[in-house]
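A.B. asks: Residues per chain, in single letters:
2 protein chains.
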Amino acid sequence: MSESNQKLEQEFLEYVKKISAFEEALSLVYWDLRTGAPEKGTTQRSEVIGTLSGEIFKMKVSEEMAAFIAGLWLEKDGLSDVTRRSLEECKKEYDLNKKIPAAEYEAYTKLVAQAENVWTTARATNDYALFEPYLEKIIASKRQFIEYWGYKENPYDTLLDQYEPGMTVAILDDVFAKLRESILVLRQRVEAAKHQPDPTLLHKRVSKEHQKAFSMRILAKMGFDFAAGRLDDTVHPFATGLNTGDVRITTRYDEDNFKMAVFGIIHEGGHAIYEQNISPKLIGTPLSNGASMGIHESQSLFYEIILGSSFAFWQSNYKDFQEITAPAFDDVSVEEFYRAVNISESSLIRIEADTLTYPLHIMIRYELEKAIMNGEIGVADLRDAWNDKYEAYLGVRPGNDADGILQDIHWSGGDFGYFPSYALGYMYAAQLFATMSKEIPNVSEILASDDYTVIREWLTKNVHQFGMLKKPLAILQDTTGEGLNPEYLIQLLNDRYDFIYKLNEV
Amino acid sequence: MSESNQKLEQEFLEYVKKISAFEEALSLVYWDLRTGAPEKGTTQRSEVIGTLSGEIFKMKVSEEMAAFIAGLWLEKDGLSDVTRRSLEECKKEYDLNKKIPAAEYEAYTKLVAQAENVWTTARATNDYALFEPYLEKIIASKRQFIEYWGYKENPYDTLLDQYEPGMTVAILDDVFAKLRESILVLRQRVEAAKHQPDPTLLHKRVSKEHQKAFSMRILAKMGFDFAAGRLDDTVHPFATGLNTGDVRITTRYDEDNFKMAVFGIIHEGGHAIYEQNISPKLIGTPLSNGASMGIHESQSLFYEIILGSSFAFWQSNYKDFQEITAPAFDDVSVEEFYRAVNISESSLIRIEADTLTYPLHIMIRYELEKAIMNGEIGVADLRDAWNDKYEAYLGVRPGNDADGILQDIHWSGGDFGYFPSYALGYMYAAQLFATMSKEIPNVSEILASDDYTVIREWLTKNVHQFGMLKKPLAILQDTTGEGLNPEYLIQLLNDRYDFIYKLNEV
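Same order as they appear, the protein sequences are chains A and B. Residue numbering for the first sequence follows the numbering used here, beginning at 1 and increasing consecutively. Residue numbering for the second sequence follows the numbering used here, beginning at 507 and increasing consecutively.
It should be emphasised that the hints constitute simulated quantities derived from the structure, not laboratory data. This one's a predicted model, so the numbers in the text were calculated from it and none came from an experiment. Any given hint might turn out to be false.
[Claimed, not checked] With a cut-off of at most 30 Å between alpha-carbon atoms, the simulated DSS-like pairs for lysine-lysine come out as follows:
1. B:K546 to A:K461
2. B:K513 to A:K91
3. B:K513 to B:K582
[As the list claims (entries may be wrong)] Covered stretches of chain A (chain B as the covering partner; in silico rule of three or more C-beta atoms under 8 Å from a C-beta of chain B):
4. 36-44
5. 228-241
Cβ coordinates follow ideal geometry from the N, Cα and C atoms, glycine included.
Make a model of the complete structure from these sequences and hints.
C.D. replies: Below is the structure:
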């Protein structure tokens, strides 16, 4: 590479480092707003958000950025891995924004800002008619944008790729069909099962302090580094990585529903452990993030579903739980407890769904998004299609739109293509676990032990360290030796619910 | 004003609003670092600080700023008060930076960054010789800068003006002489007093929870708005106004010394109440801050010394304190308690000094700073001069430099001219209180009551609301009808210590 281009590479790295610094400041502002910022300061704080976001956006689509891309792109194979992948990510974002005429992009930005407010009101008042015209405009804009951005096989692929690089309708149609069929069969068997778990156990009162005390022990065992993170209270739980040495998680406690915080903390802890273990060499670049939404979710779900919802895990941790919450669970056996926390039940609300039904909620959204982006159905038919699919897949039909098509914020923000990531997370997690089980033969003994270090290290070696240096499907292929395969999740669900519902006992 | 200048005024206000937004983000980063940011994230966080500070500095000395000043300065009397004063503040800061040749300024910035590190080591190892050469260079730079900045009567005036606009050696020499003489006489009487308070009461154990419970009640009574602020733990207590709707204070608890947190919270609460009550019309301008260091300190000291250290205050609040800390103070009368918390004793360390001796610590620093900036003594003589003055004013001589000339961080950061603000705060507070007592005749009944609203409102009307719209001496003149007058503080100290040490009883 020429000397002038070496200088340009250096300048490019300085430039993205500055963007990262602004992004870290912005993340702190959001964390603070959600964990206890005084109410009266929030109006002025939104000026701060506007200024920082504006600065970040300006830098990402600036003429300087264009010059970096123009100057380095043709020689990119001669760059270091980190610079090359950073450049690719910057170009992807630059193109996403720049391919849309500026006036249309600005109009769209205003539209979604309004639409999110309208959606909030519409959901609160159960008034879909209020939201529908906004949804129609957002969909029209997105379909127009897909024309600007371009696509190969399926228009919806372009949206999928923004959240899950490399993911396509061709792949998802196939894996979702297999997964759906298996889940529907298993759901029928579960519903008909003679040995139903006792749901009343889930509502025994557990104080916030006791929930927190137990969860902190689990977090530490999982490998969450408290010198590189913290746990706070919030209304809507989340994990946020300010940098790899400062990854914060939050939770909400309900004293009549301990599951929410206990499993919520394990889930967010999984996200956090991912970010705490991204390679330090990626700090200050756009790559110091999870590889994709789906891979990120695979890590939170690995800890929540594979580890935290396994019988082995509770065999070793239930005694602690009983002691901390004593005497509430004194007369509940570990098996009764375990079966109760894994109850599966059809429901209308995605975010309250259990492991077995959750993927069905996602598939409904996937199918509707795909159809609408391909022009196969119109907005006018969307609500009926939603309700019909809930009836077909889950056997329940929304009695109102707040519990139906209005339940998720995503579409009001234009986030089409995002939902599949959640279901991908389940499949990735199960597939990674299958490989882990081969490479660590005694893995179920480790799940039942007091030390999960081997598991955390395996995930770091194969997933965490790479950040966005590797693309999601490359992580899967390199680690498991194959592409996305739903069979691992199907097998895991069958084994688990056989045990929980004693499906083989009469 | 011409139409093009109206446009320029608008652009100027947008420009300073953006600076304010960056400053608010930076303040949040600092607050977070001091209240619980995970340790491993701090290295990367300093990149964020560097980026935000760099951006702020760049904007304050940019060609755009120069163009605003050039375009608006001559017509400034036609501008609104807010724009005019904002422009004056921006010009002041622009000139401070721009009058120094860029290379010299950069060298100085590096020098103080190094010097602060060296000072930390020097103080920890009690090694003044290590720090002295840095101090010498900083002083040489400051004296050179004064030449660039210019001065009228006394070179040191230029430094005073940076912290306390309008303050001069001519004023301070006079008021400090009067104050010093009165304090020295009073100190002699206190030392010789037959009725000494019982210092052991100060070290009764009070749990953190009890200290906090009591302090939260006092804060609420003072008028601290918890919807526009919060209280957190820290190592070095401070108050920080992110914006007027979000003013945060912090404290440190010592269970064997309740005075630290209880009076510390009242003190920081006074700073916070000031910032919470700055007029909303100043938000987003450089004026949404305290008028000066001295006026800011006058508000914290008003609450700490005038209100919180008055006998009337404890007459009404001691019962609460006794109940919360029961049974520790069951057998201590309010008078015994009050006398103990107001013990006066000569000491070597400024930040541990009591109300009566504190101004002496400040005068020592003032006299040394003035002498060294005027070339009347050299750095080589500074340590001996320090020790001699402590012996002369306080009757104690430092046994080592860590307890002497190395105790304060200020000089290592080049902050000459800052110390007098602390003593000014005492005098401003007493002078304001004298006027308040005339305008609110029953003020001592209010101090002994459960509702201080009238006091808070008086301070807001006369001081808080103006932010930096009025200069410090104008606030004093407009409110009290006279310039700085030390007699009010002298009278207050005499009355108070007469009572505490029963100086009129034999």
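A.B. asks: Return the numbers of the hints above that this structure violates; sort them in rising order.
C.D. replies: 2
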